[in-house]
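Q: Here are the chains, one letter per residue:
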Amino acid sequence: MKNDLNRSNETDVAAPLSGPAAHSISAIVAAGGIKPVDFAVEELRRAGDRDAWLERAVVKVVGSASPRRLVAEVASRDELDRMRHAATMAFGGATKVEERNAALVAYAFVVAAGLVHHGVLLSSQPRAEIDVMLAELAGVLGEPFASFLEAAVAREVRA
Amino acid sequence: MQRDHFPSTHATSMMATASDGPAGMSRARAFVMERYRAPLLAYARGSSLRTLEDAEELVHAYFATRLAREDYFDRWRESGLPFRRWLMNGLHFCARERRKIRMRTAGRHEAQTGALSEASTTGWNEAERAFERELANRVIDDCTRSVQQSLAARGLARHWQVFWRRSVDGLTYAAIAAETGMSIRELNAAVRGVTAELRGAIRAELVREGVEDESLEAELARMEEALRP
Numbered sequence: 001m002k003n004d005l006n007r008s009n010e011t012d013v014a015a016p017l018s019g020p021a022a023h024s025i026s027a028i029v030a031a032g033g034i035k036p037v038d039f040a041v042e043e044l045r046r047a048g049d050r051d052a053w054l055e056r057a058v059v060k061v062v063g064s065a066s067p068r069r070l071v072a073e074v075a076s077r078d079e080l081d082r083m084r085h086a087a088t089m090a091f092g093g094a095t096k097v098e099e100r101n102a103a104l105v106a107y108a109f110v111v112a113a114g115l116v117h118h119g120v121l122l123s124s125q126p127r128a129e130i131d132v133m134l135a136e137l138a139g140v141l142g143e144p145f146a147s148f149l150e151a152a153v154a155r156e157v158r159a
Numbered sequence: 001m002q003r004d005h006f007p008s009t010h011a012t013s014m015m016a017t018a019s020d021g022p023a024g025m026s027r028a029r030a031f032v033m034e035r036y037r038a039p040l041l042a043y044a045r046g047s048s049l050r051t052l053e054d055a056e057e058l059v060h061a062y063f064a065t066r067l068a069r070e071d072y073f074d075r076w077r078e079s080g081l082p083f084r085r086w087l088m089n090g091l092h093f094c095a096r097e098r099r100k101i102r103m104r105t106a107g108r109h110e111a112q113t114g115a116l117s118e119a120s121t122t123g124w125n126e127a128e129r130a131f132e133r134e135l136a137n138r139v140i141d142d143c144t145r146s147v148q149q150s151l152a153a154r155g156l157a158r159h160w161q162v163f164w165r166r167s168v169d170g171l172t173y174a175a176i177a178a179e180t181g182m183s184i185r186e187l188n189a190a191v192r193g194v195t196a197e198l199r200g201a202i203r204a205e206l207v208r209e210g211v212e213d214e215s216l217e218a219e220l221a222r223m224e225e226a227l228r229p
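These protein sequence lines are chains A and B, in that order.
Residue numbers for the first sequence follow the working numbering, so the first one is 1 and each next one is one higher.
Residue numbers for the second sequence follow the working numbering, so the first one is 1 and each next one is one higher.
Hints in this document: simulated from the structure, not taken from any laboratory.
Positions of the beta carbon are idealized from the N, C-alpha and C atoms, including for glycine.
It is possible that some hints are incorrect.
Mimicking DMTMM-like on lysine to aspartate or glutamate, the simulated pairs with C-alpha atoms at most 25 angstroms apart in a straight line are [claimed, not checked]:
no. : chain 1 : residue 1 : chain 2 : residue 2
1   : A       : K35       : A       : E55
2   : A       : K35       : A       : D49
3   : A       : K60       : A       : E42
4   : A       : K96       : A       : D49
5   : B       : K100      : B       : D169
6   : A       : K35       : A       : E129
7   : A       : K35       : B       : E214
8   : A       : K35       : B       : D169
9   : A       : K96       : A       : E55
10  : A       : K96       : A       : D51
11  : A       : K96       : A       : E42
12  : A       : K60       : A       : D81
13  : A       : K35       : B       : E217
14  : A       : K35       : B       : E186
15  : A       : K35       : B       : E205
16  : A       : K96       : A       : D78
17  : A       : K35       : A       : E98
18  : A       : K35       : A       : E99
19  : A       : K60       : A       : E99
20  : A       : K35       : B       : E212
21  : A       : K35       : B       : D213
22  : A       : K35       : B       : E225
23  : A       : K60       : A       : E43
24  : A       : K96       : A       : E73
Here's a subset of chain A near chain B, in silico, CB distances under 7 angstroms, partners left out [unchecked claim]:
no. : residue
25  : A30
26  : G32
27  : P36
28  : V157
So here's chain A without its partners, still in its complex pose (with noise of 0.2 angstroms):
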């Protein structure tokens, strides 16, 4: 698909932009400060063992489903259901930024788990925003871990 006043390629340099695509633009620069996930990141990248770390945080707030089980296993709806209601929880009374990103990451595992296992999305925030979270973390963590936050992004939601 293309827009009329289309400037996608680099040979449309001259095009002027449309209305549409100047308020998309702009929309997209106005919320395109620090985010959450930045935080959380930041630390993975800091820790010396990630795998460790992402062990810790998400078996500390959503017990005892560690992120390697909820790659290999398909949890029940329920079961995700309550994770990311103790996500959700943790991450709202944090009042560390540890805190926050350990809450953070857990709850992506689980929303990456009710896309990737149910094809559902279990959470509230538009999708556009849980794909960049699920990616900007795919993009610091190792296997299998990046594969499955990877498929998540690219997983269709069932209607």
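Since the structure of chain A is provided, determine the placement of chain B on it from the hints.
A: Here is chain B on its own, set in the frame of chain A:
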């Protein structure tokens, strides 16, 4: 007191440019004409000025008679007004002056001057919205062009394309990945990179106009609001 919707603009880089001898003054004037012509036209067409004179002629006259003055930028600085407000007020004074001249030429008495000063005391009205929209459009357009060209020069034209597909066309990462063969991580890095460059370019433009650091985020939000359909 009525809220001023315009950011503070005092010691600005535009002022610094204007102070840099005749060549600097010339650059500053060229910048004002390039950047503010369309917003001023939108303002003239949306305000009470539209009943008095053709907008194109009025804005041209403003640049020719006001901006051309040697002390134009000094007077702006002394006014303490945000530059946008200074421009809009100046346009009203210019219209009033020209109307007086026309009246005199026609041998008639000056009348209805009250209406001409109306906009100098009004707040966030439709004409100002039109001005803001045009200005935001111009800044976004210039900055996207500059970033797009810079990416192409570095062999990163593809990054611009995926940014566009994501941010303007509204496609999901999954759809763009299927379209381009790029991984989700590559796509995200490209989109984040282009967004960061655009933010940097637009923030630099706003600083150039005199928006202070602490007001930049609010100004970005106001631009988005002004461009909202």
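Q: K35 of chain A and D169 of chain B were given as a pair; does the straight-line alpha-carbon distance stay at or below 25 angstroms?
A: With Cα atoms ~23 angstroms apart, K35 of chain A and D169 of chain B stay inside 25 angstroms; holds.
Q: Check whether the Cα positions of K96 of chain A and E42 of chain A lie no farther apart than 25 angstroms.
A: Holds - the C-alpha atoms of E42 of chain A and K96 of chain A are around 15 angstroms apart, at most 25 angstroms.
Q: What's the verdict on K60 of chain A and D81 of chain A, does the C-alpha distance respect the 25 angstroms limit or exceed it?
A: With a Cα-Cα distance of about 17 angstroms, the restraint between K60 of chain A and D81 of chain A holds, given a limit of 25 angstroms.
Q: Taken at face value, is the distance from the CA of E55 of chain A to the CA of K96 of chain A at most 25 angstroms?
A: 19 angstroms, holds
Q: Would the hint linking K35 of chain A and E129 of chain A be met if the CA-CA limit is 25 angstroms?
A: 10 angstroms, holds
Q: Given the proposed pairing of K96 of chain A with D51 of chain A, does the C-alpha separation stay at or below 25 angstroms?
A: 21 angstroms, holds
Q: Can the restraint linking K60 of chain A and E43 of chain A be considered satisfied, given a maximum Cα separation of 25 angstroms?
A: 16 angstroms, holds
Q: Taking 25 angstroms as the top limit, are the C-alpha atoms of K96 of chain A and D78 of chain A close enough?
A: Status violated; Cα separation ~29 angstroms.
Q: Would you settle whether the hint for G32 of chain A is holds or violated, based on the nearest Cβ-Cβ distance to chain B being less than 7 angstroms?
A: G32 of chain A check passes; min Cβ-Cβ to chain B is 5 angstroms, inside 7 angstroms.
Q: For the pair supplied as a hint, K60 of chain A and E42 of chain A, confirm whether the alpha-carbon distance does not exceed 25 angstroms.
A: At roughly 19 angstroms apart (the allowed maximum being 25 angstroms), E42 of chain A and K60 of chain A satisfy the hint.
Q: Would you check the hint for K35 of chain A and D49 of chain A, treating anything up to 25 angstroms between C-alpha atoms as holding?
A: 23 angstroms, holds
Q: Could you grab the alpha-carbon distance between K35 of chain A and E98 of chain A and see if it respects the 25 angstroms cut-off?
A: 15 angstroms, holds
Hint check: violations occur at hints 5, 16, 24, 27, 28; the rest are consistent with the structure.
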